[in-house]
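Student: One letter stands for each residue in the lines below.
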Amino acid sequence: MKRTALFIGLAAVAAAALAYLLWPRAVWSPDEIALLRGLSLSQLPALPPDPSNRYADDPRAAALGQRLFFDTRLSVDGTVACATCHLPAEQFQDGRPLGQGVGTTARRTMPLAGVAYSPWFFWDGRKDSLWAQALGPLESPVEHGGTRAQYAHVIARHYRAEYEALFGPLPDLSDAGRFPPAAGPVADPQARAAWEAMSAEDRETVTRIYANIGKAIAAYERQIMPGRSRFDAYVDAAVRGDTAAMAQALSPDEVAGLRLFVGRAQCINCHNGPLLTNNDFHNTGVPAADGLPEDRGRADGLRQVLGDEFNCLSAYSDAEPADCGELRFAKVDEHTQLRQFKPPSLRGVAERAPYMHAGQFATLREVLEHYNRAPEAPAGHSELEPLGLTDEELGQLEAFLRSLSAPVVAPGTPEATSACTGCHQEPIAHAPGDA
Amino acid sequence: MNRIGIVAGGVQPAAGVRRIWLKRAGIAAGAIVLALVALALGMVAWMSYVPADLDLSTTRLSAQGAYRVSYEPRRGPIAVNQIHAWTLHVETADGRPVEGATIAVDGDMPQHGHGLPTEPQVTTELGGGDYLVEGVKFHMPGWWVMDFTIDAGDQTDTVRFDLLLN
Numbered sequence: 001m002k003r004t005a006l007f008i009g010l011a012a013v014a015a016a017a018l019a020y021l022l023w024p025r026a027v028w029s030p031d032e033i034a035l036l037r038g039l040s041l042s043q044l045p046a047l048p049p050d051p052s053n054r055y056a057d058d059p060r061a062a063a064l065g066q067r068l069f070f071d072t073r074l075s076v077d078g079t080v081a082c083a084t085c086h087l088p089a090e091q092f093q094d095g096r097p098l099g100q101g102v103g104t105t106a107r108r109t110m111p112l113a114g115v116a117y118s119p120w121f122f123w124d125g126r127k128d129s130l131w132a133q134a135l136g137p138l139e140s141p142v143e144h145g146g147t148r149a150q151y152a153h154v155i156a157r158h159y160r161a162e163y164e165a166l167f168g169p170l171p172d173l174s175d176a177g178r179f180p181p182a183a184g185p186v187a188d189p190q191a192r193a194a195w196e197a198m199s200a201e202d203r204e205t206v207t208r209i210y211a212n213i214g215k216a217i218a219a220y221e222r223q224i225m226p227g228r229s230r231f232d233a234y235v236d237a238a239v240r241g242d243t244a245a246m247a248q249a250l251s252p253d254e255v256a257g258l259r260l261f262v263g264r265a266q267c268i269n270c271h272n273g274p275l276l277t278n279n280d281f282h283n284t285g286v287p288a289a290d291g292l293p294e295d296r297g298r299a300d301g302l303r304q305v306l307g308d309e310f311n312c313l314s315a316y317s318d319a320e321p322a323d324c325g326e327l328r329f330a331k332v333d334e335h336t337q338l339r340q341f342k343p344p345s346l347r348g349v350a351e352r353a354p355y356m357h358a359g360q361f362a363t364l365r366e367v368l369e370h371y372n373r374a375p376e377a378p379a380g381h382s383e384l385e386p387l388g389l390t391d392e393e394l395g396q397l398e399a400f401l402r403s404l405s406a407p408v409v410a411p412g413t414p415e416a417t418s419a420c421t422g423c424h425q426e427p428i429a430h431a432p433g434d435a
Numbered sequence: 001m002n003r004i005g006i007v008a009g010g011v012q013p014a015a016g017v018r019r020i021w022l023k024r025a026g027i028a029a030g031a032i033v034l035a036l037v038a039l040a041l042g043m044v045a046w047m048s049y050v051p052a053d054l055d056l057s058t059t060r061l062s063a064q065g066a067y068r069v070s071y072e073p074r075r076g077p078i079a080v081n082q083i084h085a086w087t088l089h090v091e092t093a094d095g096r097p098v099e100g101a102t103i104a105v106d107g108d109m110p111q112h113g114h115g116l117p118t119e120p121q122v123t124t125e126l127g128g129g130d131y132l133v134e135g136v137k138f139h140m141p142g143w144w145v146m147d148f149t150i151d152a153g154d155q156t157d158t159v160r161f162d163l164l165l166n
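One line per chain: the protein sequences are D and G, in this order. Heads up: the first sequence begins at 1 in the working numbering, then just goes up one per residue. Heads up: the second sequence begins at 1 in the working numbering, then just goes up one per residue.
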């Protein structure tokens, strides 16, 4: 009987120790404070320079880029602008499972707040600069659907002064024989044939203008930033040791969720830094989307960016090879990279359903349940391990994620900044839904 | 107390059998609880396990003592998710700079069983035993290791640096 009592006593002590370890605590250790501090927006460094785009921080380029971003003339049928899917009022995304341009894409539209901090773009990182990214949808047959020759003509007709002030004299594109209205290395056979019939020099002329369109749009997009959330107020208060302000910023449930986020739930492994993403690539066993072709994620994205005509090492990049570290030292490992996707920033995530690269999950709860279960990946190898979290704990994590919401900070829409020359004479045709 | 009282009082005819059964059940239950607790504690410990005696120094002697190696990030303290370069300095154990070495770079996150997100390389020999390591990047906070295999002709040796990143 004594042994039984001893065992029960020991078990009780061990259970108490375990409970102590796992119990939500209101205080943070100095190490934990250091970890939390790194997640606060207050720690967001200055925008990293983009050496591949010498116009990246030129306000004139940003002003031009902003107008281009909202201009539906940059599409095959005048119906699609960047802002068609990247809606300013919706954190520059569209709330749909799959992007809808002139057709339907195979991926979810990504949000843009803080996008310029990423070294890689798209879910699979198939572009290595913001300006190169912007050029992808413009020639995609299901997004803007147009061609670079068409867009060069739009610039010559509607943006000549602004363009020339930045990029120098526009070449004469008036000879329709040399510069057809629709020509580019695109899926459409006619436009492709027209492109192939052009001289190499004329193609280079058009592509140069096309790259500059991307550089102007990127200069605008660089200014789209996440706003400060209640979570940031909490962390900054925790760093100061201001418990009153901490209690005001987050509820006990949200704090418990934060503790799980940086602890047992291991979210911070990938969702780290002030933007709550490492902008790298991970296979988290997200199910394949119904009705879509196989998506190999980063395994294909890396192959594409290494051969991309607009990458950091290309003739259209303004960077020196020494500035292209991410590309030059990219690790090629198809086995690991199969079905890896980029974790998006979690800032504002609660207002961005549906989730994952093809909108596979309708609610945050479904996402959390997926991570808790950690199912096998449909292809490649999932990095997840089952978490064993209770329903209550999943609720706390969800509550925490909701504390990351805050309005996105972006330059005013074109109406608000229409003091610029030319804006009044030539009002920009706005995309549907652009509030 | 009640049970013991009854058993000790010898009221039940099969008291001896019952006593043994109770004792076994108690031991078994205690053992199961202990095992579960130990397992849970083990999991928590494993997930957050970083060796207590982790040596974070930036100068280390190679495994077989052939080289003394030190590193310095070229743009200040290392930040997670920032690609950056290191200067690696290699000298013999008695302090002579090692020139013309071939150096292979690898890195790993022991708790997660995965490597670096990039493939860093020694791209330039800077002279005086200094080598430029480009493409270094860590994409998670926590415990990282960086391994260098140094081949300077007569001897190949490896050196490991431990890093703890916030």
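In short, the hints are calculated from the structure, not lab data. Incorrect hints may have been included.
With the C-beta cut set under 10 Å, the calculated list includes, among others, these residues of chain D facing chain G [what the hints assert, rightly or not]:
hint: 1; residue: 5
hint: 2; residue: 37
hint: 3; residue: 122
hint: 4; residue: 170
hint: 5; residue: 269
hint: 6; residue: 371
hint: 7; residue: 375
Even glycine gets a Cβ: it sits at the ideal position worked out from N, Cα and C.
Student: Could you work out which of the previously given hints the structure breaks and list their numbers from low to high?
Tutor: 3, 4, 6 and 7
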